Structures are given as structure tokens and as C-alpha cells.
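Engineer: Given only the sequences and the hints, what does the whole structure look like? Please build it.
There are 2 protein chains.
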Amino acid sequence: MAKEFVKDVTSMDEDFAQWYTDVVLKAELVDYSSVRGSMIIRPYGYALWENIQKALDGEIKRTGHENVYMPLFIPESLLQKEKDHVEGFAPEVAWVTQGGDEKLAERLVVRPTSEVLFAEHYKNIIHSYRDLPKLYNQWANVVRWEKTTRPFLRTTEFLWQEGHTAHATDEDAMEETLRMLNVYAYICEEFLAIPVVKGQKTEKEKFSGAKATFTIETLMHDGKALQSGTSHHFGDGFARAFGIQYSDKNGELQYVHQTSWGFTTRIIGAIIMVHGDDRGLVIPPRIAPTQVMMVPIAQHKEGVLDYAYDLKERLSSVARVGIDASDKKPGWKFNEYEMKGVPLRLEVGPKDIENGQVILARRDTGEKVTVPVDELETRIPELLEEIQSNLFNKALNHREEKTSVARNLEEFGEKLESNPGFIKAMWCEDQACEDKIKEEFSATSRCIPFEQEKVGDTCICCGKPAEKMVYWAKAY
Amino acid sequence: MAKEFVKDVTSMDEDFAQWYTDVVLKAELVDYSSVRGSMIIRPYGYALWENIQKALDGEIKRTGHENVYMPLFIPESLLQKEKDHVEGFAPEVAWVTQGGDEKLAERLVVRPTSEVLFAEHYKNIIHSYRDLPKLYNQWANVVRWEKTTRPFLRTTEFLWQEGHTAHATDEDAMEETLRMLNVYAYICEEFLAIPVVKGQKTEKEKFSGAKATFTIETLMHDGKALQSGTSHHFGDGFARAFGIQYSDKNGELQYVHQTSWGFTTRIIGAIIMVHGDDRGLVIPPRIAPTQVMMVPIAQHKEGVLDYAYDLKERLSSVARVGIDASDKKPGWKFNEYEMKGVPLRLEVGPKDIENGQVILARRDTGEKVTVPVDELETRIPELLEEIQSNLFNKALNHREEKTSVARNLEEFGEKLESNPGFIKAMWCEDQACEDKIKEEFSATSRCIPFEQEKVGDTCICCGKPAEKMVYWAKAY
Ligand SMILES: [Zn+2]
Ligand SMILES: [Zn+2]
Numbered sequence: 001m002a003k004e005f006v007k008d009v010t011s012m013d014e015d016f017a018q019w020y021t022d023v024v025l026k027a028e029l030v031d032y033s034s035v036r037g038s039m040i041i042r043p044y045g046y047a048l049w050e051n052i053q054k055a056l057d058g059e060i061k062r063t064g065h066e067n068v069y070m071p072l073f074i075p076e077s078l079l080q081k082e083k084d085h086v087e088g089f090a091p092e093v094a095w096v097t098q099g100g101d102e103k104l105a106e107r108l109v110v111r112p113t114s115e116v117l118f119a120e121h122y123k124n125i126i127h128s129y130r131d132l133p134k135l136y137n138q139w140a141n142v143v144r145w146e147k148t149t150r151p152f153l154r155t156t157e158f159l160w161q162e163g164h165t166a167h168a169t170d171e172d173a174m175e176e177t178l179r180m181l182n183v184y185a186y187i188c189e190e191f192l193a194i195p196v197v198k199g200q201k202t203e204k205e206k207f208s209g210a211k212a213t214f215t216i217e218t219l220m221h222d223g224k225a226l227q228s229g230t231s232h233h234f235g236d237g238f239a240r241a242f243g244i245q246y247s248d249k250n251g252e253l254q255y256v257h258q259t260s261w262g263f264t265t266r267i268i269g270a271i272i273m274v275h276g277d278d279r280g281l282v283i284p285p286r287i288a289p290t291q292v293m294m295v296p297i298a299q300h301k302e303g304v305l306d307y308a309y310d311l312k313e314r315l316s317s318v319a320r321v322g323i324d325a326s327d328k329k330p331g332w333k334f335n336e337y338e339m340k341g342v343p344l345r346l347e348v349g350p351k352d353i354e355n356g357q358v359i360l361a362r363r364d365t366g367e368k369v370t371v372p373v374d375e376l377e378t379r380i381p382e383l384l385e386e387i388q389s390n391l392f393n394k395a396l397n398h399r400e401e402k403t404s405v406a407r408n409l410e411e412f413g414e415k416l417e418s419n420p421g422f423i424k425a426m427w428c429e430d431q432a433c434e435d436k437i438k439e440e441f442s443a444t445s446r447c448i449p450f451e452q453e454k455v456g457d458t459c460i461c462c463g464k465p466a467e468k469m470v471y472w473a474k475a476y
Numbered sequence: 001m002a003k004e005f006v007k008d009v010t011s012m013d014e015d016f017a018q019w020y021t022d023v024v025l026k027a028e029l030v031d032y033s034s035v036r037g038s039m040i041i042r043p044y045g046y047a048l049w050e051n052i053q054k055a056l057d058g059e060i061k062r063t064g065h066e067n068v069y070m071p072l073f074i075p076e077s078l079l080q081k082e083k084d085h086v087e088g089f090a091p092e093v094a095w096v097t098q099g100g101d102e103k104l105a106e107r108l109v110v111r112p113t114s115e116v117l118f119a120e121h122y123k124n125i126i127h128s129y130r131d132l133p134k135l136y137n138q139w140a141n142v143v144r145w146e147k148t149t150r151p152f153l154r155t156t157e158f159l160w161q162e163g164h165t166a167h168a169t170d171e172d173a174m175e176e177t178l179r180m181l182n183v184y185a186y187i188c189e190e191f192l193a194i195p196v197v198k199g200q201k202t203e204k205e206k207f208s209g210a211k212a213t214f215t216i217e218t219l220m221h222d223g224k225a226l227q228s229g230t231s232h233h234f235g236d237g238f239a240r241a242f243g244i245q246y247s248d249k250n251g252e253l254q255y256v257h258q259t260s261w262g263f264t265t266r267i268i269g270a271i272i273m274v275h276g277d278d279r280g281l282v283i284p285p286r287i288a289p290t291q292v293m294m295v296p297i298a299q300h301k302e303g304v305l306d307y308a309y310d311l312k313e314r315l316s317s318v319a320r321v322g323i324d325a326s327d328k329k330p331g332w333k334f335n336e337y338e339m340k341g342v343p344l345r346l347e348v349g350p351k352d353i354e355n356g357q358v359i360l361a362r363r364d365t366g367e368k369v370t371v372p373v374d375e376l377e378t379r380i381p382e383l384l385e386e387i388q389s390n391l392f393n394k395a396l397n398h399r400e401e402k403t404s405v406a407r408n409l410e411e412f413g414e415k416l417e418s419n420p421g422f423i424k425a426m427w428c429e430d431q432a433c434e435d436k437i438k439e440e441f442s443a444t445s446r447c448i449p450f451e452q453e454k455v456g457d458t459c460i461c462c463g464k465p466a467e468k469m470v471y472w473a474k475a476y
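Listed in order, the protein sequences are those of chains A and B.
If you read the first sequence in full-length UniProt numbering, its first letter stands for residue 1, the second for the next number, and so on.
If you read the second sequence in full-length UniProt numbering, its first letter stands for residue 1, the second for the next number, and so on.
No lab work stands behind these hints: they were computed from the structure.
Keep in mind that a hint or two might mislead.
No copy labels: a pair is met if it fits in one copy or bridges any two.
As the list claims (entries may be wrong) - Derived DSS-like pairs (lysine-lysine); straight-line CA-CA distance at most 30 Å:
no.	residue 1	residue 2
1	K211	K103
2	K147	K103
3	K249	K329
4	K83	K224
5	K147	K438
6	K81	K436
7	K147	K81
Keep in mind it's a predicted model, so treat the numbers as computed, not measured.
Structural biologist: Encoded structure:
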């Protein structure tokens with residue numbers, strides 16, 4: 001029966017990877033294309049992205065940033081100006097070598113990220129301390145030549161926003177880096193109902209060219225971690241490479257201090273893998289393209305559709321309401337909008353109309369309640385909020401259940417096996433230990449969390465004294 | 001004096017092209033980059049684009065379309081599927097030939113437009129008449145390898161929306177084509193205060209692969225025309241090339257009928273060249289990033305800034321209000337926001353505060369009025385509407401003054417010289433005549449307008465009987 005209901009979606013526990021692929025396709029988030037490693041984002045997936053964009057863009061503007069647009073192409077020589085940066089990115093970029101009939105004298109990179117373009121522009125427009133800070137952001141597509149790809153999680157092209165800022169001092173840049181990390185955490189927790197662990201990346205895992213990288217890490221249903229947003233402090237590395245200087249109040253030339261921070265369509269993968277279940281997607285109400293889907297019952301009976309459309313009109317002032325008045329069976333519609341993760345289903349038929357009531361079914365719990373029509377304007381927003389916080393709490397409980405402590409490598413391997421998820425363990429800050437853990441267990445350091453707990457005194461790998469507690473996990 | 005005021009902007013009448021370049025740079029709409037033919041869209045330019053996007057996206061959704069996102073790259077073999085289309089675009093595309101370390105087996109085109117990607121997707125998702133119409137749109141960047149470029153008007157990369165739809169019948173597709181042309185006309189006239197001429201392109205000027213192309217044509221201050229939005233009827237050409245078929249109500253296979261339509265950042269060039277003057281930009285209020293710029297007078301005096309900030313807060317409920325409280329002189333600020341084309345300037349100083357009034361200065365007419373503070377909530381929206389319609393009327397008068405009739409080639413050349421602008425003239429529909437006019441006068445057929453007037457009986461070129469009146473002009 002389950003099979004029939006969920007239209008051939010593989011069970012999560014049977015094969016999580018296959019479940020993921022089934023869901024993104026059946027829920028019509030994406031389609032494949034003939035373009036290697038690239039996906040088509042379909043209307044439902046794109047509407048979800050638009051809602052995320054709207055929330056995040058609001059926060060980016062509220063915190064004083066301005067949107068701009070930089071070129072898609074980067075001349076090879078420009079990319080090479082910052083040595084660590086080019087080493088990190090050159091192996092995974094797409095190269096344009098011909099324009100029209102003309103073989104290019106200099107190859108162009110399709111931007112994998114835009115640090116160098118912003119650096120060049122900042123050099124042009126920053127002259128005095130009065131020009132600082134510069135707080136810019138852009139919404140754009142970027143390309144990284146990935147060998148293996150999966151919808152949303154890893155694709156050759158993806159959509160994102162990348163913030164790039166320039167400041168007078170290192171402290172200002174640090175404050176900005178953390179401010180934007182907190183914006184990402186806020187969007188994840190408040191809009192996407194996904195709890196995050198905030199912390200710093202190790203030297204090994206930081207961004208190419210950064211002085212320090214900060215991250216929010218989230219835990220998926222299968223116990224794997226997903227890096228969900230990063231914010232980088234560059235110090236004056238790019239400023240020195242590009243010569244971005246300003247004259248301070250004393251007329252002395254100083255280098256600027258920069259940051260960058262990015263949030264991508266990858267987060268849609270997190271929404272799927274944190275909240276989804278064997279019936280399909282579960283979309284948090286605050287970003288759901290449709291919050292309430294109306295399914296008329298016995299819609300061929302006189303008056304039902306008229307009543308339903310009037311009700312939809314009325315309820316549109318309190319929620320994003322859809323209606324499926326197609327000639328498909330109610331059962332088919334129930335399954336369809338469960339698959340699409342619509343938070344609430346509203347059923348209304350002739351008997352409901354007679355009784356002045358409707359049925360509301362929650363996607364998260366499956367619970368059904370009968371509600372008088374004149375209470376809908378208050379009950380729907382209440383229920384949507386309940387669903388939103390229930391999803392967050394479920395995800396938080398899940399993460400807590402899936403977070404273990406390990407005091408030595410043996411325990412580490414055991415926990416990773418018996419309860420896949422985050423493992424909190426002490427680390428001596430030597431990269432050799434980090435490398436060894438990665439090699440042995442395919443688990444990576446996710447971050448050195450801001451909220452430190454002393455879960456031991458010694459490095460789980462080498463046994464030397466250790467000050468830092470690290471979150472480790474297998475990761476997407 | 002003029003020179004000093006406008007910070008070295010060339011006069012329009014002296015050198016219109018230089019005036020344009022000066023204005024886009026001085027008003028900080030764009031900056032150049034080291035990427036050939038590409039521009040950086042700066043915060044003020046991008047905010048303008050965001051406002052245009054918001055208005056247009058609203059109309060696109062209101063008319064039932066859904067946003068999607070297609071890949072940036074197109075495999076060479078896919079582009080080649082529709083012969084007319086590839087012939088039109090292949091000479092002006094950028095080619096990706098290498099990804100990471102790997103030389104690609106098949107070259108990829110950076111999309112110049114996405115017809116073939118939508119066609120491939122439609123083939124996958126359209127099966128039955130129930131799947132029609134498909135009404136998709138995407139906001140994206142596209143690349144065309146232009147030899148000479150100018151900010152907004154012609155750049156290697158530009159931003160746009162491209163709508164792509166599929167319909168059951170040729171009539172449905174035609175209706176859609178004209179519906180979206182009307183949406184573009186509405187956006188231009190109601191939001192951008194730019195009057196348009198609606199009509200059909202000749203065979204020579206139509207889009208590669210289209211059965212018919214419709215256009216809105218606008219006239220710039222210098223008398224040159226700008227194609228400002230196009231809508232294409234493809235018939236079943238792409239459907240046949242890609243095999244996009246649906247089974248109709250009788251179970252018989254039919255080809256779909258398609259359209260596409262696009263509106264680009266180029267329109268910002270039209271805003272500049274239609275409304276601008278020797279003091280810089282003039283932005284229509286409905287799309288102005290800042291509608292009212294407050295300039296405090298004697299702001300060092302106690303209470304002035306506090307008062308100004310309170311007023312800004314209050315007025316933010318009726319308009320987009322900015323304030324410049326920097327330590328620059330009021331005169332500098334006046335020039336700066338005139339250059340940026342802010343529709344209204346609000347001056348408030350100690351004496352105004354005492355008298356319970358402020359001064360409002362209109363950017364379009366230069367007129368200054370003293371307004372009691374408690375009337376601002378009504379006066380500001382009124383003035384913004386007056387400015388909006390004044391700009392439209394000025395542009396319309398200008399276009400009418402610059403529109404002539406020619407009855408033969410001699411008159412044509414004479415009018416083009418003495419009163420550069422649109423020339424209405426009869427045409428026999430033979431491409432040879434169109435070619436000859438282009439060669440002789442560098443003027444092209446802009447469109448066969450929907451509103452036909454019989455300004456003669458014979459073709460101005462060959463003297464044969466002619467049924468069609470055509471708008472001709474030199475064009476950007
Ligand atoms: Zn160690
Ligand atoms: Zn002729």
C-alpha cells in the first residue's frame with residue numbers, strides 16, 4: 001500500500017540516496033537536462049528558492065548591504081592575482097577559449113566565485129576612509145566543474161548570493177564576518193526550521209585565500225552533515241594582492257580588510273533531507289510556495305466549486321492558498337500535495353458546506369481537525385506556526401539524538417557506525433590528526449563550534465593535550 | 001557655470017554619445033571592468049533594475065506564468081537542432097572548450113538565449129493536452145559576443161527575463177505573443193514613462209527561428225530608435241525540430257505551438273536617453289530607488305538632524321525616502337542627486353523647522369515649492385504622480401515632434417537629416433527596398449505598426465503599390 005500511495009518513492013531507510021533522487025523528481029523540484037551536471041530548476045523548486053531569496057535578501061538589505069552585479073567571466077590573469085585563491089579554484093573551473101569566430105588571446109574563466117572581480121572594482125572605487133565600509137552583495141549563478149553531481153547538493157552550475165565587503169580595520173571585517181554568519185543561522189532556524197551548529201573551520205577546511213572561515217553545519221536525516229553557509233574573513237590578503245588602499249584620517253595609506261559570505265541553492269537539499277519522509281517533501285510553512293492546498297470533495301456537485309473558490313479568495317489574506325479543481329480524484333490529490341510537502345490540506349465537500357466547517361490535515365503529523373469556517377482566519381495561521389515550530393523541534397531532537405561524544409578513536413569509529421551523526425571530540429589542532437581521522441573514517445572536521453564543551457583533555461587521535469572540541473561527521 | 005554644476009558632463013546637444021557615457025559613470029550606474037565588453041552594475045543601477053524586475057515579474061506572474069531556471073551552458077549539438085536559430089546565433093556566442101583539466105568532447109555554448117533548452121525540457125514534460133499551456137519564464141544572464149559595446153545598450157553579457165511558452169494551437173500562441181507584448185508596453189508606459197510604438201518586425205528583422213516577431217519601439221532624445229522588448233511567435237518550428245508533441249482529446253498526436261519574449265537591462269539605456277538632461281539622469285518616480293532625497297540645511301545646528309531623521313521615518317510610509325547627512329556642502333548634494341535623477345529633493349533647515357515647512361524641488365522642472373510639514377503625506381505622492389505623468393507627456397511630445405512622414409526617398413533623406421526621428425513611409429513588402437533604404441540612409445525598418453495610417457499609395461523606394469506603413473529610423 002505504501003508503494004501505491006507514494007508513487008514508487010523508495011523508502012528512506014532502505015536507500016536514502018535513492019529516496020532523495022525520487023523525491024526531487026516526483027515533487028517536481030528539478031529535471032535533468034542534457035547539460036552535464038546541470039539541473040533544470042522547475043517551477044516548484046524555483047518558487048521555493050524565491051521565498052528563501054526574499055527572506056535572505058531582506059536581511060542582507062536590513063544589515064546595510066547593497067546589491068550589485070559583476071561580470072560572469074574572469075580573465076585568467078585576474079584570477080591568478082591571489083595565489084592561494086587560484087590554487088583552490090583553478091582545477092575546477094570551466095574555460096571559455098573562443099568568442100564568435102575569434103580564438104581568445106587570453107582565456108576566460110566562468111566565475112566559480114567573484115572575489116577577484118570585487119577586489120578589482122574595490123581598487124577602483126575605494127580611495128578614502130569615507131568610502132568605507134563597502135557592503136556589497138550579488139545574486140548570481142556560478143560554475144564549478146564537479147566530477148560527480150547530485151541535484152541541489154553538488155551541481156556544475158548553481159545559484160547563490162555572494163556578499164563581498166571591505167572595511168577599514170581587521171576588527172570591522174571580523175564583526176561583519178560573524179554578523180553574516182548569524183544572518184545565515186537566523187534564516188536557517190527561523191525560516192527553514194533547520195537547527196545549526198555555528199563555528200570555525202579548521203585550517204585544512206577553510207576557503208582558498210581566507211584567513212578564517214566560519215560555517216553553519218546542519219545534520220541530515222541520515223546522519224550526514226551539510227555545510228549550509230560560510231562566511232570568510234580575508235584579512236588584507238586580497239587588498240595586498242590587488243593594491244586596495246585607502247587614506248585614513250591622517251592621510252596615511254592603509255590596506256582594506258575584506259570578507260565574503262555565500263548561501264546557495266544547496267540549502268534546498270537540506271530542506272529535503274532534514275524534513276522529508278517516506279511520503280515525500282515536508283516544506284516549512286514560512287517558505288512554502290503553497291501553505292494551504294484546497295481539495296474540493298465531490299466537486300461536481302452544485303455549489304461546491306463556487307464555495308471553494310470564494311473561500312480561497314477569503315483565505316488568501318492570511319496564507320498562500322492553492323486549489324486543485326482538476327478532474328483528478330481526491331485521493332490522487334492528497335498524495336500529490338503530500339509529496340510536494342504542502343503544510344496544510346483543506347478538504348471541503350457538500351456536507352462540510354452544510355455544516356459550516358472544513359477539514360484541515362497537517363502534513364507534518366498527518367493529524368486531521370474539523371474547523372468551523374469562520375475560525376479559519378485565526379486557525380490557519382496558528383496551525384502554520386505550530387507546524388513551523390514542530391518541524392524545528394523535530395529536527396533539533398533528531399540532531400541531539402544523533403550527536404555523540406568520543407574520547408578515543410575506537411569510540412569514534414564505534415559511534416560513527418552505531419549512531420551516524422555528529423561526533424564531538426577533542427582535537428590537538430595538528431592537521432596530521434585531522435588527516436588521519438578523515439582517511440580512516442571518511443569523516444571530516446565540520447567545525448570548531450563557538451559553544452565549546454570540554455568533553456576530554458586529550459586529542460582523540462594522538463593523545464596529546466587538546467584544548468579544542470570539534471564536531472566531526474561524514475558530510476555531503 | 002554649467003560645467004561646474006554638472007561635474008564635467010558633456011552637453012547632450014554637443015555630443016550625445018559622450019553625454020551618455022559621462023552620465024552612466026557619474027551617476028554611478030555602472031563601472032567598467034577588465035572583462036572585455038562586460039560592465040559592473042553598481043548599487044544605484046542595480047536598484048533601478050530590481051524595481052523594473054519587481055514591476056515586470058508581478059505582471060508575468062499575474063498573467064499566469066511560473067519562473068524556472070535553465071542551465072547556463074548549451075551543448076553544441078543541442079543548439080544545432082533548429083537550423084534558422086543556430087545560423088542566427090552561432091557567430092556571436094562564447095564557447096567553453098575545457099572543464100577543469102579535461103578538454104571537452106563536445107563544446108558548450110554560453111547561452112545567448114534559451115529556446116533550445118526549453119524545447120528539450122518541454123519535450124520531456126509535455127505529453128497530453130492537459131499539460132498545456134506551459135507558461136514559463138526565467139530571469140537570467142546571457143552572453144553574446146559583441147564587437148563594439150556600450151553600457152546597457154550592447155554588452156557581451158546582459159541580464160534579462162526570457163519567457164518561453166507552449167500551447168495547443170497556433171491561435172493560443174499568437175494570443176500569448178501579443179499578451180506579453182502588451183505587458184512590455186504597459187511596463188514601459190506606466191512605470192518607465194516611455195511611450196512605445198507597437199508593431200511587427202519585417203521578415204528581415206525578425207528573430208532567428210521565429211515565424212513572426214513583435215516589438216515595442218521607443219525614441220531616444222537624439223532621435224534614434226531603441227528596440228525595447230520583443231515577443232516571438234514560433235509556430236511549430238521548434239516543436240518539429242525537437243519532437244514536442246501532445247495527444248489531443250481524440251488521442252491524436254499534435255505538435256505544440258511556441259512563443260518566447262524578452263526584456264533586458266538595455267531598457268535602462270532607454271530611461272537614460274529618453275528622460276535625461278544636461279544635469280544628468282531623470283528617473284521616473286515609480287521605479288526610482290530613492291523618490292525623495294532629503295538634504296538637511298545647516299545640519300550642524302542643534303536639532304536639525306534629529307528633526308530630519310524623524311521626518312524621514314514619518315515619510316517612509318508614503319515614499320522611498322533617503323537622507324544625505326554627510327559633511328558635504330548642500331550645493332554638492334543638490335548636484336549629486338540631480339545627477340542621479342532623484343525625482344524630488346526635500347530641503348529642511350532651522351528656519352523651515354521654525355515655520356513648520358520644508359522646500360520640495362522637482363527634478364523634472366526644477367520648480368521649488370514650500371510645503372507645510374503636515375501636508376507632506378499628501379503632497380509628496382501627488383507631486384510624484386505629477387512628475388511621472390509629466391515625464392511621459394514630455395517624451396510623447398518629443399516623439400511626436402520627431403516623427404515625420406516621407407512620400408519618396410528624397411523626402412526620406414531630407415527628413416532624416418532635418419528632424420532625426422521616426423519616419424512613417426509606405427513599403428511594398430519587398431526586402432530589396434528595405435535593403436536599399438538601409439544601405440543608403442543607415443535607417444532600418446523598426447516595425448509595421450499595429451496602428452496603420454495610409455500616408456501614401458506607393459512604396460517610397462520602388463514606387464510600386466504599397467499597403468503597409470512602416471516606421472523607419474536610425475537605431476541603437
Ligand atoms: Zn592530535
Ligand atoms: Zn518597394
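Engineer: Now look at each hint and say whether the structure bears it out.
Structural biologist: Each hint, compared with the structure:
1. K211 with K103: neither (38 Å within a copy, 33 Å between copies)
2. K147 with K103: Result: close both inside a copy and across copies, 27 Å intra and 14 Å inter.
3. K249 with K329: Intra 73 Å, inter 19 Å, cutoff 30 Å: inter-copy only.
4. K83 with K224: Answer is neither; intra-copy 32 Å and inter-copy 48 Å both fail.
5. K147 with K438: within (20 Å within a copy, 51 Å between copies)
6. K81 with K436: Neither: 33 Å inside a copy, 52 Å across copies.
7. K147 with K81: both (26 Å within a copy, 27 Å between copies)
In the structure shown, a violation is registered for the earlier hints numbered 1, 4 and 6, in ascending order.
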